[in-house]
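Peer 1: So you can see what is in the structure, the chains are spelled out below.
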Amino acid sequence: MRAAGTTGRLARKGARYLLLTGAAIIVAFPIYITIVNALLTPQQIAARPPTLFPLHPLWGSFSQAFGQAHLGIYLRNSAIMTVAITAAQLLTSVMAGYAFAFVRFPFRRAVFILCLATMMVPAEATIVPNRQTIVSFGWFNTFAALIVPFVASGIGTFLFRQAFLGVPRELRDAATLDGYGHLRFLVRIVLPLNRPMLAAFGIYSFLGAWNQYLWPLIVTDTTSTRTVQIGLKQLSALNVDQSNVIFAGTLLAALPIFVLLFAFQKQLVRGLTAGALKG
Amino acid sequence: MPDRRRRTVLGRRASRRALREAATGYLLVLPALATFAVFVFYPLGRAIWLGLYRTSVSPNLPSTYVGPSQYASVVSSSAFLGSLWRTILFAVFTMPAGIALGIALAMLAHQRLRGIQVFRTVFSSTVATSTAVASVIFFTLLDPQIGLLSYWLGKKGGAGILSDPTFALPAVSVVSIWQNIGFTFILMSAALQAIPDTLLDAARLDGASSWHRFRSVTLPLLSPTVFFAIVVGIIGSFQAFGQIDILTQGGPNNHTMVLIYYIYQSAFVNNDYGLAAVASVVLFAILLVVTLVQFRFVERRVFYAT
Numbered sequence: 016m017r018a019a020g021t022t023g024r025l026a027r028k029g030a031r032y033l034l035l036t037g038a039a040i041i042v043a044f045p046i047y048i049t050i051v052n053a054l055l056t057p058q059q060i061a062a063r064p065p066t067l068f069p070l071h072p073l074w075g076s077f078s079q080a081f082g083q084a085h086l087g088i089y090l091r092n093s094a095i096m097t098v099a100i101t102a103a104q105l106l107t108s109v110m111a112g113y114a115f116a117f118v119r120f121p122f123r124r125a126v127f128i129l130c131l132a133t134m135m136v137p138a139e140a141t142i143v144p145n146r147q148t149i150v151s152f153g154w155f156n157t158f159a160a161l162i163v164p165f166v167a168s169g170i171g172t173f174l175f176r177q178a179f180l181g182v183p184r185e186l187r188d189a190a191t192l193d194g195y196g197h198l199r200f201l202v203r204i205v206l207p208l209n210r211p212m213l214a215a216f217g218i219y220s221f222l223g224a225w226n227q228y229l230w231p232l233i234v235t236d237t238t239s240t241r242t243v244q245i246g247l248k249q250l251s252a253l254n255v256d257q258s259n260v261i262f263a264g265t266l267l268a269a270l271p272i273f274v275l276l277f278a279f280q281k282q283l284v285r286g287l288t289a290g291a292l293k294g
Numbered sequence: 018m019p020d021r022r023r024r025t026v027l028g029r030r031a032s033r034r035a036l037r038e039a040a041t042g043y044l045l046v047l048p049a050l051a052t053f054a055v056f057v058f059y060p061l062g063r064a065i066w067l068g069l070y071r072t073s074v075s076p077n078l079p080s081t082y083v084g085p086s087q088y089a090s091v092v093s094s095s096a097f098l099g100s101l102w103r104t105i106l107f108a109v110f111t112m113p114a115g116i117a118l119g120i121a122l123a124m125l126a127h128q129r130l131r132g133i134q135v136f137r138t139v140f141s142s143t144v145a146t147s148t149a150v151a152s153v154i155f156f157t158l159l160d161p162q163i164g165l166l167s168y169w170l171g172k173k174g175g176a177g178i179l180s181d182p183t184f185a186l187p188a189v190s191v192v193s194i195w196q197n198i199g200f201t202f203i204l205m206s207a208a209l210q211a212i213p214d215t216l217l218d219a220a221r222l223d224g225a226s227s228w229h230r231f232r233s234v235t236l237p238l239l240s241p242t243v244f245f246a247i248v249v250g251i252i253g254s255f256q257a258f259g260q261i262d263i264l265t266q267g268g269p270n271n272h273t274m275v276l277i278y279y280i281y282q283s284a285f286v287n288n289d290y291g292l293a294a295v296a297s298v299v300l301f302a303i304l305l306v307v308t309l310v311q312f313r314f315v316e317r318r319v320f321y322a323t
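From first to last, the protein sequence lines stand for chains S and L.
Position one of the first sequence corresponds to residue 16 (the working numbering), numbered consecutively onward.
Position one of the second sequence corresponds to residue 18 (the working numbering), numbered consecutively onward.
None of these hints come from the bench; they were simulated from the model.
In this text, a Cβ means the ideal position worked out from N, Cα and C, and glycines have one as well.
Only true hints are included.
Now the stretches of chain L that chain S is said to cover, found in silico as 3 or more residues with beta-carbon under 8 Å:
#1 60 to 73
#2 149 to 160
#3 251 to 262
#4 268 to 281
#5 289 to 298
#6 303 to 309
Let the hints inform the model, and build the full structure from the sequences given.
Peer 2: Right under this line is the structure:
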C-alpha cells in the first residue's frame, strides 16, 4: 500500500517533468536551432537529415554578420537610440509625474488628463503626418527622427504620478519644515523611495524602444542610421549560401535583451506586468 | 495702519509664491506636453484633416478637397474591409491560442519541483525576442529550400508555406504566438502566484478534482488577468506590422494584408496619403473603443476591490 503510494507519486512526478521538458523543447527550439545553425556551414544547414548538434562549431559567421552585414553599426545605432529614449522618458515622466503629484498649478487636472489621453492614441495612427513633420524638419535619416518623437511617455507620467502619490504626507511636511525646495525633495526623498518603479519603467521603456520597427523603417534608409531591427530585415534578404550569417546576426540582435532578461529578471517582470497589476 | 500694511505685504508674498509654484509646475510638465503636442495631438488632428483630401495621381499636383466623402468611400472599399477582416482573423488566430498556451505553461510551471526555475526561464525567454528577431528566425525555418520546419512539415521545395494563400496568415500567427508566449507566461505566472494556496487547499479538502479546482477556483481568479491579456492582444493584433513586413509583405495576393500594413503600403509605397489617413483614423477609433472598454472595466474592478 505504502510502496504503491510512493511509486504512484514518483510516476506523477516523472510525468510532470516529461510534460515540462516537452513544453520547454518546443518553446526553446527556434532559438536553439538558430544557435546551432549559426555555427554550421551553409551546406550543413541545407543538408538533410538536418544537423541538430554542431560537432565542429564554426564561429566565423558572427564576425561576418558583425562586419560585412553591418550588424555592428546597426547595434550601435539601436543602442544610441534606445539609451537616449529611455533616459529622456525617465526624465520627462519623473518631472511631469512629480508636478502632478506635488506642485500646485492652475489647470493641473486638465493637463494631467491631456497626458493620459495620449495613451489612447496608438503611434501607428499618426505615422503618416509624423513622417511629414520629420521630413519638414529636415530630420530624415537622423537620430533626431528616431529619438525626439518618443522623449515623453503618457504611461510613464501616469505611473510615476501614482507612485509619487504614495509618498507619505508626513515626509513632505517634514521636508518643508527642513526648508527643502522641490528639487531637493525630489532628489533626496521621492526618487530613492521609488527606485523599484524607476527600474521597472526604465526596462519597460528600454524594451519598447529597442524593439521598435515601423517608425525606424519609415524615417531612415541608410546604414549609418538604420537600427538593428530593420537591419535584420536586410539580413534576412541575404542569399541562402550565407544562411549561417543570417542566423548569427539574428542572435547578435537578440543578445542584448537576453542579457537584460537574465540580469534584471525581477524588474523586467514588474515592468512588463505593471499595466496589468496597476490597472 | 501697520497691521493692514503687513497683511498686504504677506498677501503679495503669498501670491508671488503661488506664482512661482505655478511656474515650476508648468516648467516640469513642459517637455512632456510639448512632445505630446507636436507628435501626438497635432498629427492626430492632421490625419483627420488629411482624410478630407484626395491625393492626386501625379505626385506634382496638389491634393483636392473632397470632404467626408473620402471617409465613406475608403471605409466601404473592398480593399479596406478586406484588411480589417484579415486583422480580425489574425486576432482570432493568435489570441485565444496564445492565452490558453500561456495559462497552460504557467500552470505547468506553478509547482514546487527541483529545477523548476530552469523551466520558468525557458518559458519566459521569448520576451527577449523582438518581432524582427522572431520573424527572421521563422523566415529561415520556413524557407522552402533550407527551412527545417518546411522539411518536417513535408513542404520542402516549391514556393513555400509563406507563399501559400491558405497557410500564410496562420503561419504569421504561429510566429506571433511563439513570440508572445513569454510575455503571456510571465503575466499568467504572476497572477497564479497571487492566488492564495488556502483557497485551492480548501477545494482539495472538499474533494474537488484538479480539473474542477481549475475551473471553479483558479480560472475565475485569473479572469482579470485574462481580460487584460485579451485587451493587450487585440491592441497588439492591430499593431502587428514587423512580422508581416519580414515574412510576407502582405502577400501572397493580399492574404496577409492586415490594416496596419494596408496603411503603410498606401502611404509609403503608393503615396496615397489621403487614403492612408482615413485608414489611420479608423485604426485610432477602433483602438479607442477597445481602450475605453478596458478603462470602464478597470474602474469597476478597482471599485470592487476597495
